[in-house]
Amino acid sequence: MQLFVEQLINGWALGSLYALFGIGFGLVFSTLGILNAAHGTYASWAAIAGYYAVDRFGVPFPVAVAAGVVGGGLLAVVVDQIGFQPLRAKKTGMLGALITSIAFWIILDSLAGFATGQQSLAFPATSYPNQMVVLGPLRVPQMQIITILALLVCTVGIYLLIQKTRIGAAMRAVGWNEVAAALGGVNARMVILLTAFLAGATSGLAGVLGGISTSNVSFTLGEGLMLKGFAAVVVGGYDDVRGTAIAGICLGVIEVFVAQYISTSFRDGFTYLLLLAFLIARPRGLFGSANFVRA
Amino acid sequence: METLLDLWAGYGSTVTFASVNAFFALSTYAVLSTGVLSFTTVVFAAVGGFLSAQMAGKFGVPLWAAFPMAALGGGFAAAVVAGAFLRLESHWMALASLALVLITRVTALNTPLLTGGVNGLIVPLRVEPLELALLLALCALVFWRLHRSWYGLAARAVREDAAVASTMGISPYRVQFAAFLISGVVGGLGGAALAFTLQFISPETYFIGIAFTMIASTVLGGSFHWLGPIVGAAVFTALPTAMQAIVPQIEDVAKGVVLLLIMIFLPRGLIDPRAWGLRRAARLREENERRQQAAERDAHA
Amino acid sequence: MNRISKAARAVRGVVAGAAALAAGFAGPALAAPAAGEYGVGFITENTGPLAAAGVSYHRGAQLAVDEINGSGWIGQGVKLKLGEKESGSDAARAVQALTQFSADRNVIAVTCCILSPVAAALKPVTTNAKLPLVIYGATLPGLPQPPYVTSIVGLPGPQEVKMSKMLAETLKPKTVTYFVNADNEGFQNRFKAAQKVMEEAGAKTAGVVSILSADTDFTAPATQAIATNPDLIMVWTTQTPAAGIIAALRARGYAGKISASDVISPAPVFKKIGPALAGVPFPILFAAEISSTPEAKSFIEGYTKKFGEAPDTYSAQGYTALYYIAQGLKNTNGKPTREDLAAAIGQIKSNDHNVYGGVPMVNGQAEVENSLVANWTADGKVVRWENK
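Residue numbers (the UniProt record's numbering), protein chains in the order written: chain Z, 1 to 295; chain B, 1 to 301; chain V, 1 to 388.
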């Protein structure tokens, strides 16, 4: 029983990382209509930014996380303005941006390799809360609690932002139809910048937290998050952060339980089987509305 | 002559890989030309590759028979995929096809009897560059014919506006289904071509790398004409080799930057029939104006 | 009749022995390649998933070329020139690099590959091109195929068995839990060899936790392993997982014995994981701190001077590969072709210059004799392992 609960928490924390990353990925996809292959590199670079903030300047944990989050957000804005903005005027749809995002993926991945000296780095154990919290018979690492809370806060925050505020309404409007939104008085440029930043920052947060708790700061970090975060987006529905959050957690828990109680060789198979089932049976995700049609 | 031979020996493999990638790009183009962004070419390639490799390895099937089998296998897989995916809305389609690529790899990893699992398969046959070029030329010929046929016209109509196309009596579903079948056949051929070129394949061979290579090749070359994917594959395959020769330290970065620049300045790709059309129209207009002016002068005179 | 044939056999034996002796002495003395520069192609893996090790292999080779050229090791005026092409551990790119090398008439041999599938993909290409290929990293049994494909990397097996026996004797564990890569045959073989030794010594298998090479989160697998409550945890996985697993085990409060493989020996791994690695034994062929043959010492000194850091087990392999090619070249005559060089390399029975204190070659495959069991100390030094 103790093992079961411990593994449940392990899976929950792992899934929270997938979900955090997926929220950022889904935000760009639903609002800006971009299938962004470079999104994983935001997480890698956020972790690298956090690592060097600790390594060079010895900043405390919250500052390191903030450095990663802001770094991820700014990187997303830069990529958007260089790679995606010039194509918006030319109306190339999803295709053009997909290719420029592949270009950025190649560039940023390669540069990340240089930035870490082709090594996988890790945050020094003293630079983050690395104790175990004792809850009755359970021992839970502090980082897991922080990760789980981070997802909770981000999901609620972004959900409220999108559904209840004027900015959110503008984001949804741009996601629906950019031209119509602009005619309706929405400053589309601002909304695009804000969305890109928010998406980069959320995925950046997943990158820093993941880099810390898995002792892996390298370009492989973003790649791993990308594959699973992508699955969370598909299962949860890309236009709803709640769906992504729940799907991410479920994927993490399932992954851990399949490895613990069945076999590791089937682990990824299970994840993707679930993905396939959702694609065929419920192709709009957990909360997807049936009448949602994109322009 | 000797330098020519040296050049061929050095860059022959680049040419070979460029032709292999051209199959993948053509397969992607086949669906893209009906307005569907799909990464499932990788799936068809995996089916074709493993099927032909096993046929050649286990049953001693010769090359000329292995390729049609790969094409059939790819086509069959495409029919299944199209049946399941074509009812999805376009954004979901893109995500779903990408998910299917991930699923394919996991499946291939866990079916060692069919695919050799993590250890992969040694492929006992080799395809000569000339044979590959012939096969590619054959494919290009088919695409050329299709481009000028009723199907080509229907495909372009569906791509521009599926709703309008259906009011004109074109069924977008049937056109896209046909496109998937073509994509499957060509993708299967490409998978077999890769297997008989590398002579070693594993689940990692048919993964995201191909997905990005083929989509980048297609769009880079131009997705509005069948020549585009072939040119794009050549450029995209030669790019790393060229960058290695020029800036070996940062070849990957340079490759990405070149790709980025081409897309920003030529977003419709290198081969763009619309640009040709516009240019021809401009020339015609000039000529007409000149003729008109001349006529006016004559009239005044 | 019987006696005559015996005598005849004796005579024949003597003649053969003398001939062999003559060849043995005369061969190297007579054979000398013509002065000039000979190109060696190095397919680098300085980017991509294995770049951390790839950089080390490459540096080892660079140092070897400097030394060989500086000391005239092959002969008067005979120099090697290292040419590099990057593969990023990708089979298709490696094949392209190899064909480009084979087109360059100045390149007389090529060395490559950390991953076995990549090496397998290059095998038919290099055999077709009749270009000698020396493998510096991949360890799947059956890869070498002399004369064109040879490997200077010892196969896994003997060193793992040796360490497992040592651990079984000194620690006397009753139960052992194993971590193993589900998707890497090399490590599966190491795990099976170790498990066999342990079970023969009476240590029961408490559990086998499999992980995948691309995994990064090991909290759950660590929880799973700790729950089996073993006396010893053996980690048979590739580098990033191994480091992550040990860190996760210690972070979750496991205080028992852990053992690992040589993947945790490079200095950056300790820099990353830190004191959690202390006391974890691993088998190793070369470690800068404890290898003490004269060749090893001069290698460590030269490497540290050139690159500002101590060499690791991978740089030692890159270094050995180049000396191996040089040794083959030394035994050729006049203006050697690639085929001459391949024949000469194929005949090498033992590596003359190596840092391991002896590397015999059997059918183009290096064999390992002298492995050590070492561990990191809490302050980041590699020492011979002792049970504490």
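Since the hints were derived computationally from the structure, they do not count as laboratory data. Where a beta carbon is used, it is the ideal one built from N, C-alpha and C, also for glycine. Any given hint could be a false lead.
To be verified - Here are some chain B residues the structure puts well away from chain Z; computed CB gaps all over 10 Å:
1) GLU2
2) PRO124
3) ARG174
4) ALA282
5) GLN292
6) ASP298
Stated by the list, open to error - Simulated DEER-style distance windows between Cβ atoms:
7) Z:GLY58 with V:GLU309: 20 to 28 Å
8) Z:PHE266 with V:ALA378: 48 to 56 Å
9) Z:PRO124 with V:GLY72: 27 to 35 Å
10) B:PHE265 with V:PRO158: 38 to 46 Å
11) B:LEU134 with V:SER298: 52 to 60 Å
12) V:ASP104 with B:ILE122: 25 to 33 Å
13) B:PRO129 with V:VAL362: 33 to 41 Å
14) V:GLU169 with Z:PRO124: 50 to 58 Å
Going down the list of hints, with the structure as the test:
no.: 1; hint: GLU2; result: holds, 36 Å
no.: 2; hint: PRO124; result: holds, 28 Å
no.: 3; hint: ARG174; result: holds, 21 Å
no.: 4; hint: ALA282; result: holds, 19 Å
no.: 5; hint: GLN292; result: holds, 33 Å
no.: 6; hint: ASP298; result: holds, 43 Å
no.: 7; hint: Z:GLY58 with V:GLU309: 20 to 28 Å; result: holds, 23 Å
no.: 8; hint: Z:PHE266 with V:ALA378: 48 to 56 Å; result: violated, 39 Å
no.: 9; hint: Z:PRO124 with V:GLY72: 27 to 35 Å; result: violated, 47 Å
no.: 10; hint: B:PHE265 with V:PRO158: 38 to 46 Å; result: violated, 59 Å
no.: 11; hint: B:LEU134 with V:SER298: 52 to 60 Å; result: holds, 57 Å
no.: 12; hint: V:ASP104 with B:ILE122: 25 to 33 Å; result: holds, 27 Å
no.: 13; hint: B:PRO129 with V:VAL362: 33 to 41 Å; result: holds, 37 Å
no.: 14; hint: V:GLU169 with Z:PRO124: 50 to 58 Å; result: violated, 36 Å
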